[in-house]
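If you're matching positions, the sequence shown starts at 1 in UniProt numbering and goes up one per residue.
Worth flagging that the hints you see were computed from the coordinates, not collected in a lab. Hints should not be assumed to be uniformly reliable.
[To be verified] Calculated lysine-lysine pairs in the DSSO-like style (CA-CA distance at most 30 Å, straight line):
no.	residue 1	residue 2
1	Lys237	Lys382
2	Lys413	Lys233
3	Lys504	Lys233
4	Lys413	Lys382
5	Lys237	Lys226
6	Lys330	Lys290
7	Lys413	Lys226
8	Lys394	Lys250
9	Lys237	Lys42
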Amino acid sequence: MKNTYIKTFCIAVVGAMTLSSCDKGFEEMNTNPNALTDPAIKSMFTLAEIYVDGQDFSNTRGNNIYAAQIVQQFSSLGGSGSKYTYSSEYSAALFGETYGKGLNQIYQLLSVVENTPENSNMIQALRIMKVFMYQKLTDTYGEVPYFDAGKGYTGNVFSPKYDTQEAIYNDLLKELDQAGDALDANKAFVGAADLYYQSDVARWKKLANSLMLRVAMRLTKVNPAKAKEYVEKAYAKGVFTSNDDSLVLKHDAGPAGVKTNPITSSWVRNDLNGGESNIKFSKTFIDLLKNTNDPRLRIYAKLEATGDNSPASQQGLANDAKEFPGGDKKLFSDPNTSTVLRYDAPTLIMSHAEVKFLLAEAAVRGWNVGGSAQTYYEAGVKAAMDILTIFGDKVPAVTAAEYNTYITTYPFKTAGTEAQKIEQIITQKWIVLLFNGFEAFSEYRRTGYPVLVPVNDPTGETNGTIPRRLIYDQSELITNAANYREAIQRQGLDLMTTRVWWDKQ
1 MKNTYIKTFC IAVVGAMTLS SCDKGFEEMN TNPNALTDPA IKSMFTLAEI YVDGQDFSNT
61 RGNNIYAAQI VQQFSSLGGS GSKYTYSSEY SAALFGETYG KGLNQIYQLL SVVENTPENS
121 NMIQALRIMK VFMYQKLTDT YGEVPYFDAG KGYTGNVFSP KYDTQEAIYN DLLKELDQAG
181 DALDANKAFV GAADLYYQSD VARWKKLANS LMLRVAMRLT KVNPAKAKEY VEKAYAKGVF
241 TSNDDSLVLK HDAGPAGVKT NPITSSWVRN DLNGGESNIK FSKTFIDLLK NTNDPRLRIY
301 AKLEATGDNS PASQQGLAND AKEFPGGDKK LFSDPNTSTV LRYDAPTLIM SHAEVKFLLA
361 EAAVRGWNVG GSAQTYYEAG VKAAMDILTI FGDKVPAVTA AEYNTYITTY PFKTAGTEAQ
421 KIEQIITQKW IVLLFNGFEA FSEYRRTGYP VLVPVNDPTG ETNGTIPRRL IYDQSELITN
481 AANYREAIQR QGLDLMTTRV WWDKQ
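Kindly produce the complete structure, drawing on both the sequences and the hints.
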């Protein structure tokens, strides 16, 4: 991967643009449409890329504390995700930050960029980035404002209506289909201002198609014919073919909150505390890797207090735990600060391994994706192990011999049922989606895998039912009340147990 670091000039951009990009959602996003009279277009594009996967606020609260704990990658004694409790601030974090920062940035940029041939590639890339953010939003909450969102810049719409998830998904697929086709290597791009692929149009096309694959697969229960159509279309157009295609955003070690990794930096800065953190790896996650002698465990985990990353020493915290067994937090596994929890650890936004697992599932379903489920599964596991070299060389990489031992000991279940094969594929995807809790949460709800034991804590909101969504930003009851009420009348009550459109039993 040839991604560049976020350059120093972005610090100034972040400072300036954040002033016009608040955390509270539509009211802020849809005001002052003429704020940018002389925009630095390329710098705005760079900042949009930085915002795609969220900042500290949504990643700490929505990702690490809610989604990743619901799917039992991580655990915490008092964690909202571990115990299914409701925190208005944490539950609303993704909603407010995405509309107030990421989408706000894109809509601002689209409002000032002329639709000319020299700007076409930039516009197509912005359409692709918008799909990343909207899929995460609608998967997390259900119906959200989509078609009216951002019209404060172009149409003075300050109370955007919510759209059905079906309508949103139809448009996401259309956007990816059109944007990928419209990307043109013979037209100008943004040069080094593109932190993702340095304006390599061929790799952007693969990104559009790989994301189409992810979006389409979400429809397997609610519209399998459409899922099949777009999965096959994405494959035919060309998806990721190696780890070099993976979407990776690199970071620097400082300054914190600007150039550092938004997933890890607040964790290290505020919570890790020499191994005294309340957030630990889940017992579910650690036990799976330990019981299968997974060579990735030494890279993912260590005991922060002692620096011990030996697999035998790793211990996960049960998600239903009410205290640390033995009373010593330092004996439970933390994410490894030499690798995945470094301040400057790169963000793996979408990986080649995920694409291989999507294709493996498609093959299990009998769809035309040019290969067997076993071949794609084995390539996915290999890619998932190999990609960990992006986290540096302080811990030995997974060797070819270790991969061979692992895949031989735990081979693909070629003689298994369709359900058994999909469970095996999704369980591997759950591992590679570490730190991408929102996507892991969506895939769990779609497939039911990996199999999780629900937590029935007296403080929880769901009576022991694993949540199916997060609750909207409650400021919507004040700033967008009529549209909010209309949405919940269609979708169901604004509860953690209400299923979104594609989440069918």
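Consistency of the hints with the structure:
1. Lys237 with Lys382: Holds. Lys237 to Lys382 sits at ~23 Å (cutoff 30 Å).
2. Lys413 with Lys233: holds (27 Å)
3. Lys504 with Lys233: Holds - the C-alpha atoms of Lys233 and Lys504 are around 24 Å apart, at most 30 Å.
4. Lys413 with Lys382: holds (17 Å)
5. Lys237 with Lys226: holds (16 Å)
6. Lys330 with Lys290: holds (19 Å)
7. Lys413 with Lys226: Given pair Lys413, Lys226 holds - Cα atoms ~27 Å apart, limit 30 Å.
8. Lys394 with Lys250: Holds, at roughly 17 Å.
9. Lys237 with Lys42: Roughly 28 Å separates the two Cα atoms, so the pair holds.
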